[in-house]
Amino acid sequence: MRSALLIVFCLWLSGFTEARAQGTAMQQLDSLAGKYIRSLRSYLQERIYLQTDRPVYRAGEQVFFKAFVVNAVSGKPSRQSNLLYVELVDERDSIRNRFLLHAGMFKTDGSFSLPDSISSGHYWLRAYTRLSLQHATEPMAVAALYVINSLQPDLHPPKTTSVLSAADTRDSVLVRFFPEGGTMVGGAATLVAIRTTDTKGNPVAANGFVKDEKDSVVATVTTNTAGLGKFSFFCWTWRKYQLHLQRTGQADLRYTLPAVNLFGTQLAVHEVNGVRKLRVLLEDSVFRRDKVTYVLGVAGDSLCFSGVGKGSYDLVIPEYRFPKGIAHFILFDEKQQTLSERAVYINGNETSIALTADKPNYGAREKVNLSLQVTDAGNRPQVASFSVEVNDITRAAFYEPLKPMIPSNQQNNTTALTDLTGDQLRSAEEWELLLLTQKNRLLSIDLLQSIPESPVITEDSSLYLAGKVLDERNRPQAKKIVTIFGDLKTKLFETDTTDADGRFIFPFTAYDDQTRFNLQVTDFSGRLYPGKIQMDMLFHFPKVTTPAAAKQYFELTAIETARKTMVRQSVQDTLTFKRGKEWLTDVTVTGLVKKDPGYDVKKRQSLFSKIIPPEVFAKMGGNSLSNAIFRVPGIHLRNGYVTVNGGNSFAIGAATEPLLLIDGVPIPSDTSDKLPGSEPSPVLLALNRIDPGTVEFIEVLTGPEAAIYGVRGGNGVIIVNTRSRMQLDETGKANGIRNLVVKGFHVSEPFTQRDYAVKEIRNSKLPDTRTLIFWNGDGLTDDNGKAAISFYTADAVASYQVIVTGITANGMRFVQSITLSRK
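FYI, in this note's numbering the residues of the sequence shown are 546 to 1368.
16 Å max Cα-Cα, derived EDC-like pairs, lysine to aspartate or glutamate:
1. Lys1155 / Glu1241
2. Lys580 / Asp878
3. Lys1368 / Asp937
4. Lys1368 / Asp1313
5. Lys836 / Glu879
6. Lys1147 / Glu1241
7. Lys869 / Asp921
8. Lys822 / Glu977
9. Lys855 / Asp878
10. Lys1288 / Glu632
11. Lys1096 / Asp635
12. Lys775 / Glu974
13. Lys1096 / Asp638
14. Lys836 / Asp878
15. Lys1013 / Asp1081
16. Lys621 / Asp921
17. Lys822 / Glu864
18. Lys880 / Asp575
19. Lys1304 / Glu911
20. Lys756 / Asp797
21. Lys580 / Asp846
22. Lys1148 / Asp1208
23. Lys912 / Asp1340
24. Lys1288 / Asp1058
25. Lys869 / Asp846
26. Lys1147 / Asp1208
27. Lys775 / Glu977
28. Lys855 / Glu879
29. Lys1088 / Asp638
30. Lys1024 / Asp1068
31. Lys1368 / Glu911
32. Lys1088 / Glu632
33. Lys880 / Asp835
34. Lys869 / Glu977
35. Lys652 / Asp1323
36. Lys1024 / Asp1046
37. Lys1013 / Asp1044
38. Lys912 / Asp1313
39. Lys1368 / Asp1340
40. Lys775 / Glu975
Simulated from the structure, these hints should not be mistaken for lab results.
Please build the complete structure, drawing on both the sequences and the hints.
Below, the structure written as structure tokens:
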């Protein structure tokens, strides 16, 4: 009896101990999962996706592009970087054009025109942020372009685009081995992927086999046109293996496979009856039946699966828990150290994209109305950023062969995955090869936690305009008033007072590219101070180099077809002069030369206004602009305020003064820097801040002509027109003025299409020969996941291909297309 009780007690104690151990393991798993996901979500590096409206252009044509800035882990749209840098580079990586985009406001689409003089050849559009440059494998997105210009031949024509064959080459072939899970483990079936390239990184197609040290063939392998292939064999721990690449009439090229890691642990994927499973394998040297390991399955920055086991074991992959796309499985030991990783493409829950047209067929110059709705797998609406492109289908088919091959990356031993449409265009086999050849796609917990959650990013201040005011001996000048104003686009009129070091700053964070700013320095009495304005270093782009592997090239045959099809048509106008009875007699036309008024008459707003030319205020001393306006009949000073025709009110004040504009920009009433005892007029104070040398002319509207400015023009209007940029001093001389044209945010040239809602335009005889029917790179769905898209058809009878490309707020990428008929 005592023996039976002892046996029961031992069984109970054993079960209790095992249950306690299982409970501890689950607690460790929960702790590990929470820690890892928190670390992933604090990872702030960025990745860029970039697309253009087509791959081939003629010189002089317009290029449209769209960039998506996302978190490198989650894939969700990122606002961590305020600035997105976009540059067009040539074969020598010389910059041919560059743009700054406002990524912080999701303004990441743009357009530009190629110069008529640009040479034929390959070009690349690259996009990056300062954070994406920290991304080890994909620092930037690069899109390949090919430009055709019959007047400027290709300076670097492609020699060949055919894939090299290991069987025919006499040159060296480089082979990189990628064991599944990152390590070779003996005593089990082992999957190994390879990449074959020449010494320049170009892919090499190859056939070969694997032999062991007993000269037995254990596997065969073939690499595709991208130089990627895989093979599987049963690996014995103490045997050595060699890859043989076959060559015609020559000895095989031989490569030794990586040795078995005697202390390795491998996370592998295998399929049984259509069900994919994870298999944890331990090398004999570390194998213990009680060795606990943990598996996490991650999609983006979300945990979709977790598991724990002992020794070697299998786990079923619950694909229904994952969104469609790349999932990462990571194996950890009890110390939460990463042992192995395996990436898998899963056809899981998919974002639903509904793109519909209001009718099946359309006539010429007819309006097309499309509806877009984006929902997740649970039919919940999704906010999404997208671009829409509409092509004549013959144009789309023409560009189809112009798809560059998958590039290799020698430096990081990885394949770029920045193709936004890759999810839709790659087969399961291609995904398997691509993901097997990825290395260190995710990071260890220690490395993730070593990255600051809020990295110091100073680029937000890079658009500030700051500097110093110096005297003729370069000594800083304190308590000087620096005034800055711009044109109609900027709508800026600001002042700052220099500190003890003579410094001033205007903390502008957003303005358009090529914005002109005028600066001048005055003292507190409003007199121009003849000092020098020394500007700090203005905005500059980071110095980067395009990774050689990212520069994709198009197929030679496709380029030649494009060259023949898209030869630029040039028509020259010719004038012929002859005499004879069949020709009209010569006619002499006599014209009168109008006296130059001394200013640009195109800037004048009304023929009935009064003009103060520059020679008037040039002859006046002191506050010449404020003195000059009183030479206009009807302009008076009452109670210290400027009035027109005596004013329209008994209560004279700032509200009754004329509207003041500088280059079309209304100037607010600001008397913060008014000196004691001076006139209270905001208009006079503003005029006194302006250097007369920067003014071209002043226009004063005192009668009914001021009505074009509405109610604000009821008291009259004073318009100060400054000189053009070419007329201004931009050298920073000691004259108290400085004029700058600065780099700002790119303003996209809009896609132009005729407004056929207007009857006269619709009935025009001018042909509409568009093949790019429509483009919009700034699409956004509303809170219901919906967006409306509309455009007009062209004249030619054709089918249209509509392609919508985008990313949801949850980081899901999508591409949806439909075909329309233009009958």
